[in-house]
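Participant: With the sequences and hints as input, model every part of the structure.
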Amino acid sequence: MTVEFRELRRSFGGTVALDGLSLKIEQGELIALLGPSGCGKTTALRCVAGFERPDTGAVFIDGADVTRVPANRRDAGMVFQSYSLFPNLNVRDNVAFGLRVRRRPTSERHDRAAELLELVGLGGFGERYPHQLSGGQQQRVALARALALQPKVLLLDEPLSALDAKVRVSLREEIRRLQLELGITTIFVTHDQEEALSVADRVAVLKSGRLEQVGSPAEVYDRPSTPFVAEFVGTMNHLPGRVTGSTVEVFGQILPLDGTAPGEEVDVLVRPEAVRVTPSEDGHGFILASSFRGSIARLRVQLDGGGEVLADVPGHEAVRLAPGLKVDVTLVERPVLTAERTAVAAPVEPVG
Amino acid sequence: MSALVKNRRRGGGAGWLAAAPLLAVTLIAFGIPVAVLVIGAFSVEDGGLGFDNLSATMREPYIGSLWSSVKLSGVVAVLGAILGAFLAQAVLTSRSGLLREAVLTASGVLSNFGGVPLAFIWIATLGNSGVVTAALGLGAGALYNFWGLALVYLYFSVPLMVLVIAPALDGLKPQWREAAQNSGASTWQFWRMVGIPVLGPSLLGGGVLLFGGAFAAYATAAAMVGASVPLVTLQIADALTGNVLIGYENVALALSLDMIVIALLVMAVYLPLQKRSSRWLA
Ligand SMILES: Nc1ncnc2c1ncn2[C@@H]1O[C@H](COP(=O)(O)OP(=O)(O)OP(=O)(O)O)[C@@H](O)[C@H]1O
Ligand SMILES: [Mg+2]
Numbered sequence: 091m092t093v094e095f096r097e098l099r100r101s102f103g104g105t106v107a108l109d110g111l112s113l114k115i116e117q118g119e120l121i122a123l124l125g126p127s128g129c130g131k132t133t134a135l136r137c138v139a140g141f142e143r144p145d146t147g148a149v150f151i152d153g154a155d156v157t158r159v160p161a162n163r164r165d166a167g168m169v170f171q172s173y174s175l176f177p178n179l180n181v182r183d184n185v186a187f188g189l190r191v192r193r194r195p196t197s198e199r200h201d202r203a204a205e206l207l208e209l210v211g212l213g214g215f216g217e218r219y220p221h222q223l224s225g226g227q228q229q230r231v232a233l234a235r236a237l238a239l240q241p242k243v244l245l246l247d248e249p250l251s252a253l254d255a256k257v258r259v260s261l262r263e264e265i266r267r268l269q270l271e272l273g274i275t276t277i278f279v280t281h282d283q284e285e286a287l288s289v290a291d292r293v294a295v296l297k298s299g300r301l302e303q304v305g306s307p308a309e310v311y312d313r314p315s316t317p318f319v320a321e322f323v324g325t326m327n328h329l330p331g332r333v334t335g336s337t338v339e340v341f342g343q344i345l346p347l348d349g350t351a352p353g354e355e356v357d358v359l360v361r362p363e364a365v366r367v368t369p370s371e372d373g374h375g376f377i378l379a380s381s382f383r384g385s386i387a388r389l390r391v392q393l394d395g396g397g398e399v400l401a402d403v404p405g406h407e408a409v410r411l412a413p414g415l416k417v418d419v420t421l422v423e424r425p426v427l428t429a430e431r432t433a434v435a436a437p438v439e440p441v442g
Numbered sequence: 034m035s036a037l038v039k040n041r042r043r044g045g046g047a048g049w050l051a052a053a054p055l056l057a058v059t060l061i062a063f064g065i066p067v068a069v070l071v072i073g074a075f076s077v078e079d080g081g082l083g084f085d086n087l088s089a090t091m092r093e094p095y096i097g098s099l100w101s102s103v104k105l106s107g108v109v110a111v112l113g114a115i116l117g118a119f120l121a122q123a124v125l126t127s128r129s130g131l132l133r134e135a136v137l138t139a140s141g142v143l144s145n146f147g148g149v150p151l152a153f154i155w156i157a158t159l160g161n162s163g164v165v166t167a168a169l170g171l172g173a174g175a176l177y178n179f180w181g182l183a184l185v186y187l188y189f190s191v192p193l194m195v196l197v198i199a200p201a202l203d204g205l206k207p208q209w210r211e212a213a214q215n216s217g218a219s220t221w222q223f224w225r226m227v228g229i230p231v232l233g234p235s236l237l238g239g240g241v242l243l244f245g246g247a248f249a250a251y252a253t254a255a256a257m258v259g260a261s262v263p264l265v266t267l268q269i270a271d272a273l274t275g276n277v278l279i280g281y282e283n284v285a286l287a288l289s290l291d292m293i294v295i296a297l298l299v300m301a302v303y304l305p306l307q308k309r310s311s312r313w314l315a
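Sequence order for the protein chains is D and U.
In this note's numbering, each residue's number is its place in the first sequence (first place is 1) plus 90.
In this note's numbering, each residue's number is its place in the second sequence (first place is 1) plus 33.
Treat the hints as calculated values from the structure; they're not laboratory data.
There's no promise every hint is true.
[Claimed, not checked] Some chain U residues well away from chain D (every beta-carbon gap over 12 Å; in silico):
1) Ile65
2) Ser129
3) Ala167
4) Trp180
5) Leu232
6) Leu242
7) Asp271
[Stated by the list, open to error] Below, in silico cross-link-like pairs of lysine-lysine (DSSO-like), each with a Cα-Cα straight-line distance of 30 Å or less:
8) U:Lys308 to U:Lys104
9) U:Lys206 to D:Lys256
10) U:Lys206 to D:Lys242
11) D:Lys256 to D:Lys416
12) D:Lys242 to D:Lys297
13) U:Lys206 to D:Lys297
14) U:Lys308 to U:Lys206
15) D:Lys416 to D:Lys242
16) D:Lys297 to D:Lys256
These figures come from a predicted structure and were not determined experimentally.
Positions of the beta carbon are idealized from the N, C-alpha and C atoms, including for glycine.
Facilitator: As C-alpha cells, then:
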C-alpha cells in the first residue's frame, strides 16, 4: 500500500498551507513528516484522511486517486493529537466503533477489541471510560481504534505531543514496534526532530508547504541538502570559513569540503558533536555555559575573537568542563557542508 | 462529578455548619409556604382534615385543566428542546461570530420575555385583528387555542433552550466527528452514536427546564386565552380570587399540591434518565 502526494496545493484565504507538495511513501514504510509549526504537515495528513481537499493536485492510495473520496470511505486510520476518544463510550466500544458502524456482530466486535487492546498493552481496560485513562493510555486506545478496520494506511498527527517526555519516548517506540509487526504504511507527523529521527524509515522535511528534503534519518542528519534542513534537524554551528579549492579553512584547520561551496567566504556547518573542547591555560575561548543532558553535556563556548560555538561532550566530562574554564576548540576531521555566509560571522583568530 | 463527591466527604461536619444559615433561610422560605399549602389542601369545611379538596381536583373541570397543562408543557418541552437544539447548532456552526453573538444575546433577552407584554405582542400580530392575521386574511381565533398558546410559549422556550444547549454543543470536539468519519461513520451515525448521547444530559435538563417554565406560566395565558384553554394555573387563580365560585381557596391549594406532585413525578422520571445518560461522566 503506497501513498503518493502529487503536486498538492491548498490555501486558506491568504495563507498557503501546501505549495505543491509531492512525495511518495512506500509500502510498509514509516515516514515522518517533519517541519516547523504551520508548514502544512497536518494539512497534508488531512488530505490523505479526506478531511481536507487540495485545491489542486491529487492523493493516491495504492495507486488509486482518492482525492474525491469522502473521508468515511477512505481506508486510512487516523490518530489525532489528543482528546479524540468518544467520551460516552467505554474503551472497548471506542475501539470497536468502526465495526459497529459496519454492523458486525457483537461477539466479533468484542473479540477484535480485546485483541487490539492486548496489542497496545491495555488488556484489562475495556470497561473503562476515556476520562479514567491517562493521556498515554488514551493515545494507545486511539491507536487501537485506528487499527480496528485494518486500514491500508496509518496516519498519526503528533500523537505524542500532549504527553510527558518519558511516556513520549516509550510510546513512540511501541508505535514503531507495532508498525513493523503489522507492516502498515504509516505517516507520522511531528515537529520534534528527535522523534522523527528515532522512529522513521525516512524523514520528509517540509518548509512552507513544500518538500525540502526526504531521506533516511542518517541522510537528513548528516547530509542536509539545504541550510534549512541542516538548521531544523539537529543543531548546527555556523562558523566562518574560507574556501580554497576543495578544502575550507576554519579555526586554522583545513577540512575537506562536502559538495560545492557557494563562494569563497562561507559559513561552515558543524554539528556540536563534531566540536572538540580541551582545557588549555592559553586557550582561545572560555566556557560560557554548560547544560547537562544525561549522556551528554552541551557547552556554549565564547571565542576570544567574538562568536560562539556549541559543543557536545560526554556527560561525565561536564564536571571537568565547567563554565569559566579556558579552552581550545578543534573540529573533528571530516568533510563539512558549507552555506552562504550569514551576518553572524565575527573575525575569528586561529584556535589551537 | 467525582471531585464533588470527594469534596463532600472531606468537608464532613464543618461543611454543613458553614452552610447552616443558608439552609435555614431556604427551609423557611420554602418550608413555610409548603406547610401552609399542605395544611390548606387537607382542610375541609367543618374545620377538620380530609381529602375533599384533593378529590375535587380529580374531577372536572380541574382534572381536565391539569391534563391540559401537562400536555401543553410536554409539547413545549419537546418542541422547544428540538427546535432550540437545531437553532443553536445552526448558529454555532455558521462560522459567523457576529451571528453567534447576536443570537445568543437575543436568546438571553427573549428567554426572560413573558407575561402580559409577550401576550400582547402575539395578540397584536396573530390575534383576531392582528397585523399578520389581517394581512394574510386568516380566520379569527387562530391564536386562542392550545396550539396558539404552545406557539407563544415556544417564543421564550426556544431561546432558553438555545442558552442551555449552546455550551454543550460548543463542548463537542471536532475530533470526535472526524474520528467517527475516519471509522467509516456517516453524519447521522456520528450523531446517533456519539453526538446525541454526549448531549443527552443537557438535552434532558433543558427539556425539564422548559417543562417547568411552561407548567408554571400564568400571566401570558391569562392575558391571551382567558378560559378558552383550561390551564391549572388559570384555575388556581380563579379559585383563589373567587372569580367563579367562592369558598374554593382550599381547592386552589390542593391544585397547587397537585402541581408539586406532578413536578416531583417529572423529576422522578428525569433523574434516572439523567443518571443513565451521564453514566460515562461518573
Ligand atoms: N482550517 C483552516 N483555516 C484556516 N487556516 C488554516 C486551516 N488549517 C490550516 N491553516 C493554516 O495553514 C497553515 C498550515 O497549517 P497546518 O495545520 O497544516 O500546519 P502544521 O504543519 O500542522 O503546524 P503545527 O505543527 O502547528 O500543527 C497554517 O498557517 C495554518 O494557519
Ligand atoms: Mg499540525
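Participant: Each hint should be assessed against the structure and marked as holding or not.
Facilitator: Taking the hints in turn, this is what the structure says about them:
1. Ile65: Label holds. Min Cβ-Cβ 43 Å, cutoff 12 Å.
2. Ser129: Non-interface label stands for U:Ser129: nearest chain D Cβ at 15 Å, farther than 12 Å.
3. Ala167: Given a closest Cβ separation of 48 Å, the condition holds.
4. Trp180: Check passes; 35 Å lies beyond 12 Å.
5. Leu232: violated, 10 Å
6. Leu242: About 22 Å separates U:Leu242 from the closest Cβ of chain D, which puts it past 12 Å; holds.
7. Asp271: holds, 47 Å
8. U:Lys308 to U:Lys104: holds, 25 Å
9. U:Lys206 to D:Lys256: OK: U:Lys206 and D:Lys256 at ~27 Å, within 30 Å.
10. U:Lys206 to D:Lys242: holds, 26 Å
11. D:Lys256 to D:Lys416: At roughly 36 Å apart (the allowed maximum being 30 Å), D:Lys416 and D:Lys256 break the hint.
12. D:Lys242 to D:Lys297: Between D:Lys242 and D:Lys297 the Cα gap is close to 27 Å, so the pair holds against 30 Å.
13. U:Lys206 to D:Lys297: It holds: about 29 Å lies between the C-alpha atoms, which stays within 30 Å.
14. U:Lys308 to U:Lys206: holds, 22 Å
15. D:Lys416 to D:Lys242: violated, 58 Å
16. D:Lys297 to D:Lys256: Holds: D:Lys297 and D:Lys256 sit about 28 Å apart, inside 30 Å.
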